[in-house]
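**Q** Top to bottom, those sequences are chains H and D. If you read the first sequence in the numbering used here, its first letter stands for residue 1, the second for the next number, and so on. If you read the second sequence in the numbering used here, its first letter stands for residue 1, the second for the next number, and so on.
Quick caveat, the hints were computed from the structure, so don't treat them as lab data. Just so it is clear, CB atoms sit at the ideal spot from N, CA and C, and this is done for glycine as well. Treat the hints with care, since some could be wrong.
[Unchecked claim] Subject to a maximum C-alpha distance of 20 Å in a straight line, what follows is the list of computed SDA-like cross-link-like pairs (lysine to any residue): (1) D:Lys176 / H:Gly25; (2) D:Lys185 / H:His40; (3) D:Lys293 / H:Phe56; (4) D:Lys266 / D:Glu285; (5) D:Lys307 / D:His140.
[As the list claims (entries may be wrong)] Some chain D residues near chain H, calculated using beta-carbon distances under 8 Å: (6) Tyr35; (7) Val68; (8) Gln72; (9) Met74; (10) Ile83; (11) Asn384.
[What the hints assert, rightly or not] Output of the computed footprint for chain H on chain D, the stretches with three or more beta carbons under 8 Å from beta carbons of chain H: (12) 288-296; (13) 332-340.
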Amino acid sequence: MKNQNQHKDQNISRKDALHKIGNYGKYAALTAIGTYILLHPKKAQATSPADPGSGF
Amino acid sequence: MDSKIHSLDHTFVFPLITKELENKCVVWFQNSNQYSILEPLAAEIILALSQGKEVPRIAQQLEKELAVPLEQAMNFVIDLRNIFVTPDLEAKSPKVYKRYLYSIPKDFKLTKYYLINTKILKVQFLSQYEASLIHPKFAHLETTTHVYPNAIFQIFKAHNLLYLLMNTELIGSWDKNEIHYFQGKFSMKLIETMYGKLEDQWMGIFHASALSNGKHSLLLSGDSGNGKSTSLALLQAHGFQCVADDFVPIDIEQNVCCFPSGISIKKNSLKTLLPFYPELEHSAEFYYKRLNKIVRYLPPNELSFDKTFPCKALIFIKYDSNVGFEFEEITKLQTFKRLIPDSWISQEPKNVSIFLDWFSSLPCYQLTYSINEKMIHQIGCILNNDL
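Could you build all of it, start to finish, from the sequences and the hints given here?
**A** If you want it as structure tokens, here you go:
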């Protein structure tokens with residue numbers, strides 16, 4: 001199995017990446033259906049990045 | 001077409017939800033809380049795997065459908081299983097939560113009361129430090145009414161962790177790199193109290209700003225620094241209602257709900273906003289060294305936070321001095337890819353389904369501007385159906 005991480009669009013990509021499943025050479029039909037994107041939502045509710053300040 | 005929940009049937013090996021989106025298929029895996037965008041045929045194979053169908057049987061079907069050798073079809077199905085199914089099944093194993101011993105401090109140096117609609121929140125801070133993480137955004141809600149609080153929060157730092165208690169029950173603890181999660185959880189508990197809705201009654205929390213014309217709402221999304229809050233403040237100055245800044249809650253009725261924090265105004269936006277908000281001149285300024293950011297907080301004009309609004313559209317907004325005005329509809333897939341990593345979506349299967357249905361019918365746009373009047377006019381057109 002081959003994983004190709006390609007950032008398709010720098011404006012879009014932070015965590016998302018375009019992947020391809022395997023390498024099926026001349027079998028274009030398999031290559032064509034083997035592209036996918038994985039996305040992970042935030043693990044919990046969050047605000048914008050915050051500054052912990054000098055208290056820590 | 002509505003999303004399909006494949007999680008309630010016990011014959012399924014692993015639960016998932018599928019939803020057609022443009023010419024692709026979104027598959028949500030419950031155990032790993034992962035959204036995948038796939039070709040419809042690949043999604044069908046995953047669905048077959050989730051139903052316990054054996055790899056050779058699926059591969060035989062694929063061999064016929066695509067006219068490829070059986071061995072290649074087998075490899076493809078196995079690859080799909082290894083990439084999607086195995087990690088999801090592994091994610092199912094119970095998580096081990098660290099438990100920290102803590103004792104509630106006896107002496108909280110600072111106590112603040114906040115009035116939100118008719119609800120009173122009492123927040124006890126161990127010191128000025130803990131208060132600095134919460135109070136600036138909510139200072140405009142501070143009240144002298146101290147009787148019968150609807151919720152009591154206690155916030156204190158101990159053993160290099162920040163603790164949040166609500167009505168003496170531990171909500172969580174976070175280290176110094178997780179302050180945004182601490183603030184997010186406090187905000188979540190605040191809206192739960194405001195609206196009387198527990199976590200499973202919320203569809204999601206979106207990193208955006210929201211505004212309304214009194215009937216409908218719009219979400220303004222975009223990366224930090226793109227001008228969401230400044231745009232929101234400008235729009236508020238032109239008759240729109242500020243619904244939420246930075247933390248936009250949407251309930252399972254698919255309505256955008258008010259979040260009562262102040263609008264965060266960066267120093268370089270002051271020049272634009274001072275003509276509309278002269279009070280900002282003397283507002284307290286907060287320097288966030290690590291973020292290299294100086295901000296002031298602008299209270300929303302409307303301090304009644306009990307309304308909710310259906311969402312008319314999602315707009316990625318960007319202030320760009322090199323662009324006068326550009327506005328275009330963007331695809332759902334583009335939007336989905338940008339939206340998900342920045343959002344908290346409820347992990348309740350029925351709520352995921354509600355989210356996917358909501359999103360699939362939501363118009364999405366990109367708006368880039370430096371001409372304020374055009375931006376304000378365009379937003380008004382979208383809200384008032386004048387596109």
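**Q** If you test the structure against every hint from before, which numbers come out violated?
**A** Hint check: 1, 9, 11 fail, others pass.
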